[in-house]
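There are 2 protein chains.
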Amino acid sequence: MSRLDSFIRRLKAQRACLDLAAHLVRDLDGHVLELGLGNGRTYDHLRQLLPDRKVYVCERRVAAHPDCVPPTELLILGDMRDTLPIARELLAGRVALAHFDPATGDAAASQALVAEVAPLIMPLLRPGGLLVSEPAIIHEELITLTLPESVAPGRYYLYRRVNCRSSA
Amino acid sequence: MSRLDSFIRRLKAQRACLDLAAHLVRDLDGHVLELGLGNGRTYDHLRQLLPDRKVYVCERRVAAHPDCVPPTELLILGDMRDTLPIARELLAGRVALAHFDPATGDAAASQALVAEVAPLIMPLLRPGGLLVSEPAIIHEELITLTLPESVAPGRYYLYRRVNCRSSA
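Taken in sequence, the protein lines are chains V and U. Those letters in the first sequence? Residues 1 to 168, per the numbering used here, in order. Those letters in the second sequence? Residues 1 to 168, per the numbering used here, in order.
Worth flagging that the hints you see were computed from the coordinates, not collected in a lab. These numbers were taken from a predicted model, which means no experiment stands behind them. C-beta atoms are modelled at their ideal positions from N, C-alpha and C, and glycine is treated no differently. Among the hints, erroneous ones may be present.
[Claimed, not checked] For lysine-lysine, the following DSBU-like pairs were computed, each having C-alpha atoms within a straight-line distance of at most 35 Å:
1. Lys12(U) - Lys12(V)
2. Lys12(V) - Lys54(U)
3. Lys54(V) - Lys12(V)
4. Lys54(U) - Lys12(U)
5. Lys54(V) - Lys54(U)
[Said to hold, decoys possible] Reference listing, derived: stretches of chain U covered by chain V, where coverage requires no fewer than 3 residues with Cβ under 8 Å from a Cβ of chain V:
6. 1 to 7
7. 91 to 97
[What the hints assert, rightly or not] A few chain V residues facing chain U, derived, Cβ under 8 Å:
8. Leu4
9. Phe7
10. Arg10
11. Arg15
12. Gly40
13. Asp44
14. His45
15. Gln48
16. Val62
17. Cys68
18. Thr104
19. Ala152
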C-alpha cells in the first residue's frame, strides 16, 4: 500500500465519520467546533453537512482556500491551548459536535497535542455531544461509538460525551 | 459536494490513471519521471507500481515525508523550466511514463505552467510513452487515451506520445 493509497483511505474514513456524526447529532441542539482549519476541506464538509449550525473554528493562522475561511465572528484565532480556555465563556456545554484532527504526520506529536487539548475540549461539549478525532482520545467522560461500516477499527475515532462525574 | 468530497474524487482519479498508465507501459522499456515531488505520495505510488524502473523526480526544494525522498542520483533539483532542458542529455527519448500534476489550486497558474513545461517534457518521452497529467496538455505529438472507467472525462488526463513529425 502506497502513501497515496493510505491517504485516500484516511480521508474516506474521516469523511465517513463526520457524515455519521452529523447524522447522530441531528436531534441534539448545539454548535459545531472544528479544531484546526488547515486548508479548510473538513470545515467546508462540516458546514455543508450542518448548514443550520454555527461552525466555530480554532486556528493559529488562517491559510485556507479563500472559499473556506470562516466568518470572523466564528473564528477563534490563536494557539488552541490558549484560546480554548477563553472560549469556555462562549461555548461551555454548547458544542454538539467537535472534530479534532491535527494531522501532524507525526504520531508522537499528535499524541502529545491531544493530551493537552482533550481536557480543554471536554468542558465545551454538551452532554451527549460527539467528538470525532484522529488520534484516539482517552477520557473518563467519553464513550467510544461504533464506527461506520467502511472504517476499520483504529483508523478514526468517534466518541460521545457522557457525564460520569455528575452521575457518580 | 464539499471540498473534502472533491479532493477525495481527485485523488482517486489520479490513482486510477497512474495505475492504468503503469499497466499500459508494462512492455515498454524506459524510465519514470515525476514532475514535482510535493509530499511524495504519488512518487511513492509510482515506485511501488513500477519497482523495476528508475523513477526520476524534478523538484525545486525537497519537502517530502522522509520515507519518500528519492535517492540523490534520481533527484533533479531546481526549477523544472531550467532543469528539464539539461535533463535532455540524460533522458531524451528514454522516459516511458511521465506524471505532471502541479496541483497549484489555481487553474490559471497551472495552465500557464503547463504551457511552459509541456514542450520541455516532450523530448524526454519515448515514442509510445505515456504522459499522465492534470491539467490537460495539448500537443501535436500527444494522443488522448481512454480514461479508466471510474474517472469522468475532464477530471484527469492520459496521453500517449506519437511521433507526428517523423511520420509526416
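Arg15(V) as an interface hint toward chain U, with CB separation required under 8 Å: holds (6 Å)
When you check the alpha-carbon spacing of Lys12(V) and Lys54(U), does it fall within 35 Å? Holds, at roughly 31 Å.
Does the structure keep Lys54(V) and Lys54(U) at a Cα separation of 35 Å or less? violated (51 Å)
Would the hint on Val62(V) be counted as holding, given a Cβ-Cβ threshold of 8 Å to chain U? Violated, because the Cβ-Cβ distance from Val62(V) to chain U comes to roughly 15 Å (cut-off 8 Å).
Measure nothing beyond the straight line between the CA atoms of Lys12(U) and Lys12(V); if it is 35 Å or shorter, mark the hint as holding. Status holds; Cα separation ~11 Å.
Using 8 Å as the Cβ threshold, decide whether Leu4(V) counts as touching chain U. Since chain U brings a Cβ to about 4 Å from Leu4(V), closer than 8 Å, the hint holds.
Tell me if Thr104(V) is really an interface residue toward chain U, meaning its C-beta lies closer than 8 Å to one of theirs. With a closest approach of 12 Å, the Thr104(V) hint is violated.
Status of the His45(V) interface restraint (C-beta, 8 Å, chain U): holds (4 Å)
Report holds or violated for the interface hint on Phe7(V), using the least CB-CB distance to chain U and a cut-off of 8 Å. With a closest approach of 6 Å, the Phe7(V) hint holds.
Can Cys68(V) be said to touch chain U, with a Cβ gap under 8 Å? Status holds, d = 6 Å.
Interface hint status, Arg10(V) versus chain U (Cβ within 8 Å): With a minimum Cβ separation of about 10 Å from chain U (threshold 8 Å), the hint on Arg10(V) is violated.
Is the interface hint satisfied for Gln48(V)? The criterion is a beta-carbon contact with chain U at less than 8 Å. holds (5 Å)
Hints 5, 7, 10, 16, 18, 19, counting from the list given before, are not met by this structure.
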